[in-house]
Structure formats: structure tokens, C-alpha cells
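Engineer: One-letter residues, chain by chain:
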Amino acid sequence: MQNKEPGMTLIVKTITRLTVGLILLYGIYIVLHGHLTPGGGFAGGVIIALSFVHLMLAFGKEFALKRLSQAAIAISESLGAIMFLAIALLGLVVGGYFFFNFLSKGRPFELFSAGIIPWCNIAISLKVGAGLFAIFTALILFSEARQER
Amino acid sequence: MLPFFVVIPLACAFLISLLGKRIKNLSDILANLGTLALLILSLYSIGLVNNHKILVYKVGGWIPPIGISMVLDGLSSFMLVIVGVVSFLVTVYSINYMERFTDKWKFYTLFMLMLAGMNGVIVSGDLFNLFVFLEIASIASYALVAFGTEAEELEASFKYAIMGSVASSFILLGIAFLYSYTSTLNMADISLVLSIKEPGLMVSFIAVLFLVGFGLKAALVPFHAWLPDAHPSAPAPISAMLSGVFIKILGVYALCRVFFNILGVSDKIFFVLTILGVISMILGAFLAIAQSDIKRMFAYSSISQIGFIIFALGIGSPLALLGGLFHLFNHAIFKSLLFLNSGAVEYSTGVRDLKRLGGLNSRLPITGFTGLLGAMSISGIPPLGGFWSKLIIIIAAVQAGYFMFASIAILISIVTLAYYLKFLGFTFFGKLDDAWLKIKEVPWAMRFSMIILAIICVITGLLLIPILRPFLQSAVEVLLSGREYSSIVFGAIR
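As given, the protein sequences belong to chains A and B, one line each in that order.
So that you can map any letter, position 102 of the first sequence is 102 in the working numbering, and since no number is skipped, the others follow by simple counting.
So that you can map any letter, position 350 of the second sequence is 499 in the working numbering, and since no number is skipped, the others follow by simple counting.
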């Protein structure tokens, strides 16, 4: 089947349309449950990035970058790092120790528990997800630039 | 205040990457303020070490060895001062020098990340954190070497990245074995567990892994192949950072910490260090003579001078350790100065081939004069700093009975003088080429950095006088205390 649009065949696109939301949701789930179940900011961030990589593979570069532009990637990567640092510094201000867990710990095994750890996970997932997607985008742009030459 | 050594550069790095593109000059201001703050903090840490001997910071309030710790002792404070001085002057120098490149803010982001990694390696009291910071610094430096993005630079960076990753793998493997053997990652705790366990082959095997890993990072001779490509390819301020402090922190400092304070040194390790040091000393110097590219010559010279430092550490007597650390300090200062000089020459002429230069002293008087001081100091001309450190190393070698190696060290000093005279003769003295009649002295910020470094070069001999000596002596004492490091650290917690 010959297709004029960028990206892969209709079959792949249809399957992608069904699965990509689930992958994104699963990534967010892994991040938010980082303090309760295996996984966390890093693993969840990678899965979130993979959902965008999936989009880019199936629908082409423009389609994915329209949803998440390169500027947005750069900003969220830096913001993730600064947020992580800010949480650690807040610990220093509030509790007297760098990385002090100053929020209420709550009851173990509940979603809203463990103090700053879920917030750290969110910051890490921003950083890792944006970073990984940025690397993938850079590789794609690089290989395209080489093909044009 | 210990976490700030890592927090300040990291925060600067990400703020610059977030805002540097949008606000003009912000990256210059933030980077310079950041390094200035680090310099002041590091100088303040000398006083703290004088009063308390050792400071242990419990990250998150968790008590080591359960939690992560940061440790500030004489050796860390000594290294922090070196990093602080050189990095501040290098960022001042970069204000003008980096104008030639596009995307200056990217340079500063990577630079601050590298700085965060180096400071992290120094203050970390936890072996795995040391590895993480080491990787942050290394990866930032791979990108910085390739900053010019010409074919030659990319090739050098690729070679450097491969060799660096091999080194990191060795170190990681060493840490993994050590963890499986002792069930802990806190440096003081590892030292404690190892002193209880009987010595076995396992520790020797781990020692070899670390020796190869950190030896690669320090560019000791069998592992030096990446350095003469990587250091000249980077922009001049980065060459100054890489040769001046980077190989010392990631190589020599980490080697010292692991061997002296954690694994414990034996005669065999001392012997290996001495031999590696002497080989690096000889090969580096003889390879440097043949070079016609200024920065490549300096890069080989770095290998030779690191050889001196490792040789001194290998002798292992208190005087030799003092000489080694003193030479490390001196080398950081004059090698950064010389790389900044080469950058100034390249900035005004666009050339760094010795054969095409000459007579630049009349056009670039300040660069020429500071270059002269740096070159004389590294070759060991009295009364400059380099003379005193080499003298101490050679006296210590004679005292320890290494007559052969001591005479080799003297010979190599003469060879060093020879190739630095070649550099001075071909660059600053002789007949001025007509092509360089119109060039002007470099801008003020670049001059400022070179002049300050040259002044430090002249006065480092003063570090040996009794009032300033505790600065060096407290660093030496950390190495001399050896495995007692663990009881000192745990004593400070209680």
C-alpha cells in the first residue's frame, strides 16, 4: 500500500492512535506511584518520552513536534532540574538539611504519602522524559540533515 | 554550607539553559557570579577546616552510612580552592574569548555542569555519588571538547568519549565489586569494613580496576592516548580547565582518596605509582619537544607534569606528599595560564602553529610576559612556584633512596625548560612576521585573568612559609592519616 503522507502505513497509524494514550497514561501512573511500586521518576519519564517517540515514528517528525515543540522540550527539561533543586533547597530552608523530607509523610502505601518523594519523582520525570525525547529528536534531525547532503 | 558547592553551579547551569537564549549577557553575569561565589566559599572552607579539621554533612538528615554524606577535610578544601581559583579566572576570560563562537550560553551551561561534577567529586563522601558526579563532569567535558564542531574537534571528542567511557566502566566495575565485598558504599564505612576483613586477592583486584579507571582519567602514560587530541581541540578556556584541574580532580584526587583513605596503600601500590609516574614524566616530556602545535605541546607537557605528581605520591613519604600536592597546585595555576596564553595568541592571530608565529612580544606584551612567567615556573626556575615544588619532590626522592629516579626528574626538568624555550622563542621572540603587524593586545577581561594567574605563579613559593603552610599541610595530613579516615569521619558525626 503506497501512502503519500509522512510516517508509516495506515495499519500502524491506527494501532498507534489506540495505544499511544495508554502508554502516556501508564508513564504518568508509574511516576505518580513511584514511591509505592517499582519504578519512579526515571522509569516513568522514559515511558512518557517513548509515547512521543512512538508518535514520531508512526506519524512523522512534524506531527509529533507540533504537539511538543523543541522549545517546550528545552524549557521542561531545565524546569525539571530546577524544580528538583528547589525541592532539595526547600528542605535546607525548612528542615535544616539539604534534601530534608519536610512534608507530612502520611500513612504508608497511600497515594498521598512519603512527603517530598512524589514531587521529586515528578521533577525527575520532566527532566528525563524531555531529555530523552530531545536526544531522539536530535538524532532524527541529524540523520535527515545527512540524507539531504 | 557543603551542598552549595554543588547547588550553585547546578542552579547556574539550568538557569542559563532556561533564560540564557532569551536575555542577552545573562549567561556571562550568572556564570561569573556563580564561580565568584564558589571561589569565596572555597576560601572560607580553609578557615572551617582550620577550626574543625573535618566537617561531615548528612544529606536529608540521614546518618551515614545509611544516608549519603558529604565530607570536607583538608584535602577537599585544598582541591576546592584550586577549582575555585581556576574556574573563576577562566569564566572571566571566556567573556571575550567565547564571542567567537555562536551560542555562548550553551558553553556556559556545559561549563557549569562540568564544575558541578568536579565539586561534587571533591565533597562527596559516598563512593557511588563520586561516580555519578564523575560522569556528570566527564559527559559535560565530552561535549565541551567538541564545542567548535569542526571535523578535527568531533574526532577528538569521540575518541575522548570512548576512552572516558572505558575508564568509567572500570571505575563502576570496581565500585560494584567493592559493594559486593563490603555491602556498603559510604567511603568511611568501606574503609572500616576492609580494615576488619582479612586482606585478600579481592582488594588487589579492585585496586587494579581503580588504578586503570582513574589512571585513564588522569592520563597516565599507558592510558594517555586521548589527552593530546582532546585538550588542544577544546576552546582555550576549556583546555585550561581540562588540563589545569579536570585531570587532577577526576584522576589524581579520586586516586588519592580511594587508595590512601579507602583501600589503604601497600608497598606494591606505591611501587606501581612510582613507575607509572616516571614513565609518564619521561614520555610526556620527550613527545612534547617534537610538537609544533602550541596547545598539543602543552597537552603532552600536562602528561609529563602529572607524572611528577604521581611519582611524588608513589614515594609516599610526608615530604614527598607535600611536594606532590604542592606541584599539583602549581601545575593547576601555570598550566591554566599557559593555555590561556595560547588562547590569546590564537585569538589575535588565528594561528597556533609555532612555525608561523614569532616576535609577538612587541604586539602582545602582556600575553608575552605572563607566558614567560608561566613557562619559567613550569620549567622550575627559581624563585617561581614550580621550582619549589620540583625541589621538594627531588629532595624527597633522594631521601627515600630513589637516586636513579631523582636524577631522571632533574633531567626531565631540563627537557621541560627546552621545550618551553622553544615555545617562547618561536612565539614571542625573534622576528615579527609581516602578517601580524596590525594585531592588538587582547581585551581587558582576558588580560585580567592572565595577569592574576601570573601573579599567583610568582607568589606560590610563599605557601611554604609557616603562616600559609597549614593550607598545604592539612591536605597532606589527610593522605598521611590513611585508613584512620573512617574513624575521623565517624568521630565527626557523633
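Don't read these hints as lab results, they were simulated from the structure.
As the structure is a prediction and not an experimental result, all values here were calculated from the model.
Each residue gets a CB set at the ideal place from its N, CA and C atoms; glycine is no exception.
There's no promise every hint is true.
Unchecked claim - In silico lysine-lysine, BS3-like type, Cα no more than 25 Å apart, as pairs: (1) K105/A with K255/B; (2) K170/B with K255/B; (3) K66/A with K170/B.
Claimed, not checked - Short, incomplete list of chain B residues facing chain A, as computed with Cβ under 8 Å: (4) V156; (5) L159; (6) A160; (7) F163; (8) G209; (9) A295; (10) G297; (11) T298; (12) L613; (13) L617; (14) R618.
Engineer: Once the shortest beta carbon distance from R618/B to chain A is found, is it less than 8 Å?
Structural biologist: violated (33 Å)
Engineer: If you take the shortest Cβ to Cβ gap from F163/B to chain A, is it below 8 Å?
Structural biologist: Holds, because the Cβ-Cβ distance from F163/B to chain A comes to roughly 4 Å (cut-off 8 Å).
Engineer: Can the restraint linking K66/A and K170/B be considered satisfied, given a maximum Cα separation of 25 Å?
Structural biologist: holds (21 Å)
Engineer: Can the hint on G297/B be confirmed by a CB-to-CB distance to chain A that is less than 8 Å?
Structural biologist: G297/B check fails; min Cβ-Cβ to chain A is 17 Å, beyond 8 Å.
Engineer: Return the status of the interface hint for V156/B: holds when the least beta-carbon distance to chain A is below 8 Å, violated otherwise.
Structural biologist: Where the cut-off is 8 Å and the nearest Cβ of chain A is about 6 Å from V156/B, the hint holds.
Engineer: Is the Cα-Cα distance between K170/B and K255/B 25 Å or less?
Structural biologist: holds (9 Å)
Engineer: Verify the interface restraint on L159/B: the C-beta must sit less than 8 Å from at least one C-beta of chain A.
Structural biologist: holds (6 Å)
Engineer: Checking hints one by one. Is L613/B an interface residue toward chain A, by the C-beta closer than 8 Å rule?
Structural biologist: Constraint on L613/B not satisfied, violated at 37 Å.
Engineer: Would you settle whether the hint for T298/B is holds or violated, based on the nearest Cβ-Cβ distance to chain A being less than 8 Å?
Structural biologist: Since chain A brings no Cβ nearer than about 12 Å to T298/B, farther than 8 Å, the hint is violated.
Engineer: Tell me if A160/B is really an interface residue toward chain A, meaning its C-beta lies closer than 8 Å to one of theirs.
Structural biologist: holds (6 Å)
Engineer: Would the stated hint for L617/B survive a check requiring a Cβ distance to chain A of less than 8 Å?
Structural biologist: This hint is violated: L617/B lies away from chain A, its Cβ roughly 32 Å from the closest one there, beyond 8 Å.
Engineer: Quick one, are K105/A and K255/B close enough, alpha carbons at most 25 Å?
Structural biologist: violated (39 Å)
Hints 1, 9, 10, 11, 12, 13 and 14 from the earlier list are contradicted by this structure; the remaining hints agree with it.
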